[in-house]
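J.: Sequence:
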Amino acid sequence: MEDNPFSKIVKVIRQDNMAQMTATFRIGTIISEDPVILDVAGTIQDEKSVLKNSLINRFEVGDKLLLAPIEEEQRYIIICKVVSI
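Under the working numbering, the first residue of the sequence shown is numbered 9, with each subsequent residue one higher.
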């Protein structure tokens, strides 16, 4: 089946589609409390580029956050804090 040219085409199309898919969620880490600055997948985001759940009142350096990307991953919504169990 590896020599089948159609299976090679399907494989290339699948890989291309996977590369174009945006992340459903991201994990971010607070690197500054005031002003709020976080690291999201190696990019630095300030408080202008995030929205938050109104139930979250404060952040501490090192907090892990569950984020939903919006606007082609240019902005994020902070869903909640994430902790180890």
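Do not rely on the hints blindly, as some may be mistaken.
What the hints assert, rightly or not - The following label-pair restraints were derived from C-beta to C-beta distances:
(1) Leu63 with Ser40: 14 to 24 angstroms
(2) Glu68 with Asp11: 55 to 65 angstroms
(3) Lys16 with Thr37: 21 to 31 angstroms
(4) Pro43 with Val91: 21 to 31 angstroms
(5) Val20 with Lys56: 37 to 47 angstroms
(6) Glu41 with Glu81: 36 to 46 angstroms
(7) Ile21 with Glu68: 39 to 49 angstroms
(8) Phe33 with Asn12: 10 to 20 angstroms
(9) Pro13 with Lys56: 42 to 52 angstroms
(10) Ile78 with Ser40: 41 to 51 angstroms
(11) Pro13 with Lys72: 39 to 49 angstroms
To be verified - Simulated crosslink set (DSS-like; lysine-lysine; CA at most 27 angstroms straight-line):
(12) Lys19 with Lys56
(13) Lys89 with Lys72
(14) Lys72 with Lys56
(15) Lys19 with Lys60
(16) Lys72 with Lys60
These aren't lab readings, by the way, just hints derived from the structure by calculation.
Backbone N, C-alpha and C fix where the C-beta goes; we use that ideal spot for every residue, glycine too.
J.: Next step is simple, just say for each hint if it's right about the structure.
T.: Against the structure, the hints:
1. At roughly 21 angstroms, the beta carbons of Leu63 and Ser40 sit within the given window of 14 to 24 angstroms.
2. Our hint of 55 to 65 angstroms for Glu68 and Asp11 holds, since their Cβ atoms are close to 57 angstroms apart.
3. The hinted window of 21 to 31 angstroms between Lys16 and Thr37 is violated, with their beta carbons roughly 40 angstroms apart.
4. Here the CB-CB span from Pro43 to Val91 is close to 23 angstroms, well matched to the stated 21 to 31 angstroms.
5. Hint check: Val20 to Lys56, Cβ distance near 39 angstroms, so the stated range 37 to 47 angstroms holds.
6. Taking 36 to 46 angstroms as the suggested C-beta distance range, the pair Glu41 and Glu81 does not conform, at roughly 24 angstroms.
7. The supplied range of 39 to 49 angstroms is met by Ile21 and Glu68, whose beta-carbon atoms lie about 45 angstroms from each other.
8. Checked against the given bound of 10 to 20 angstroms, the beta carbons of Phe33 and Asn12, roughly 36 angstroms apart, lie outside it.
9. Range check, Pro13 to Lys56: about 50 angstroms between beta-carbon atoms, so the 42 to 52 angstroms window is met.
10. A hinted range of 41 to 51 angstroms is violated for the C-beta pair Ile78 and Ser40, which are about 22 angstroms apart.
11. Separated by about 46 angstroms at the C-beta atoms, Pro13 and Lys72 satisfy the suggested range of 39 to 49 angstroms.
12. Using a Cα cut-off of 27 angstroms, the hinted pair Lys19 and Lys56 is violated, with the two alpha carbons roughly 40 angstroms apart.
13. Between the alpha carbons of Lys89 and Lys72 the distance comes to roughly 6 angstroms, so the proposed pair stays at or under 27 angstroms and holds.
14. A distance of roughly 19 angstroms separates the Cα atoms of Lys72 and Lys56; the hinted pair therefore holds under the 27 angstroms criterion.
15. Among the hinted pairs, Lys19 with Lys60 is inconsistent with the structure: their alpha-carbon atoms are about 39 angstroms apart, more than 27 angstroms.
16. Between Lys72 and Lys60 the alpha-carbon distance is near 13 angstroms, which keeps this suggested pair within the 27 angstroms criterion.
The structure fails hints 3, 6, 8, 10, 12, 15 (numbered hints given earlier, in ascending order).
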